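Fit chain B to the known structure of chain A by using the hints.
Respectively, the protein sequence lines represent chains A and B. Going left to right, the first sequence walks through residues 1 to 114 as the numbering used here numbers them. Going left to right, the second sequence walks through residues 1001 to 1117 as the numbering used here numbers them.
One or more hints might be untrue.
Subject to a maximum C-alpha distance of 27 Å in a straight line, what follows is the list of computed DSS-like cross-link-like pairs (lysine-lysine) [to be verified]:
id, chain 1, residue 1, chain 2, residue 2
1, B, Lys1041, A, Lys95
2, B, Lys1020, B, Lys1041
3, A, Lys49, B, Lys1041
4, B, Lys1064, A, Lys95
So, partial list: chain A residues that the calculated Cβ filter (under 7 Å) puts toward chain B [said to hold, decoys possible]:
id, residue
5, Glu20
6, Gln42
7, Gly43
8, Leu44
9, Phe104
10, Gly107
Simulated from the structure, these hints should not be mistaken for laboratory data. Treat the numbers as computed from the prediction; the structure is a model and nothing was measured. Ideal placement from N, C-alpha and C gives every residue a C-beta, glycine not left out.
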Amino acid sequence: AQSVTQLDSQVPVFEEAPVELRCNYSSSVSVYLFWYVQYPNQGLQLLLKYLSGSTLVKGINGFEAEFNKSQTSFHLRKPSVHISDTAEYFCAVSKETSGSRLTFGEGTQLTVNP
Amino acid sequence: GAVVSQHPSRVICKSGTSVKIECRSLDFQATTMFWYRQFPKQSLMLMATSNEGSKATYEQGVEKDKFLINHASLTLSTLTVTSAHPEDSSFYICSASSPLGREETQYFGPGTRLLVL
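Just chain A, same shape as in the assembly (with noise of 0.2 Å):
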């Protein structure tokens, strides 16, 4: 079985600043990794997914992510962010035999100040 880990429940920064969002996950075979975005009371918007090639992954909203095998982690990043960014944060794994059954982390809330 597969699982997520979210180092970091609360993750607030001031506007414009960088953020990381971490996520590590273990798997005993080759997996798909994901970010989502839920804003309060919606449900969940796709950011960006890894299913193979490049390592570093770009979506929407100006997020990235990098894949790396090694470290089994999938880190979140954006250069800037803006207070529109504050959201919950949701990394997900799912085998790539399994039809897309997703395992999730335990979030990360992102506040971003003024």
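Below, chain B alone, put in the same frame as chain A:
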């Protein structure tokens, strides 16, 4: 992009009644739909996986007789919470996927807030 809708967005019901939540894929056919439950300030917990035309697969600890899932078409899945109790109050989110080759991406609905009084 792929759009998934849920109805209703919010429902309040009395204890002991049943509530039906609909999940629709609006612009694609979903071979598989998933139902999640999310308690406040917690992550999403998968309840069941639903494939069109077959019985749903429930996760361990989820009562299949209490949470009835029907996936009658490639664009619609329903979750019925039977004899709801206050502890069933939660945020229920569905997602849909339609694998194309190696693409394995789930698209999520906006969620349904259930409050059982």
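So, going through the hints one by one against the coordinates:
Between lysine 1041 of chain B and lysine 95 of chain A the CA atoms are separated by roughly 26 Å; this keeps the pair inside 27 Å, and the hint holds. About 24 Å separates the Cα atoms of lysine 1020 of chain B and lysine 1041 of chain B, which keeps this hinted pair within 27 Å; it holds. Restraint check for lysine 49 of chain A and lysine 1041 of chain B: the C-alpha separation of about 24 Å stays at or below 27 Å, so the hint holds. Restraint check: the Cα-Cα separation between lysine 1064 of chain B and lysine 95 of chain A comes to about 25 Å, which is no more than 27 Å; the hinted pair holds.
Among the interface hints, the one on glutamate 20 of chain A is violated; its C-beta lies about 20 Å from the nearest C-beta in chain B, farther than the 7 Å criterion. A least Cβ separation of about 6 Å between glutamine 42 of chain A and chain B falls short of the 7 Å threshold, and the interface hint therefore holds. Satisfaction of the interface hint for glycine 43 of chain A is found here, the shortest Cβ-Cβ separation to chain B being roughly 4 Å, below the 7 Å cut-off. At about 4 Å, the closest approach between the beta carbon of leucine 44 of chain A and any beta carbon in chain B falls short of 7 Å, and the interface hint on this residue holds.
Hint status for phenylalanine 104 of chain A relative to chain B: holds, with the closest Cβ pair at about 5 Å, below 7 Å. Interface hint at glycine 107 of chain A: satisfied, since its Cβ lies 5 Å from the closest Cβ of chain B, which is below the 7 Å cut-off.
Of the hints listed earlier, the one the structure fails to meet is number 5.
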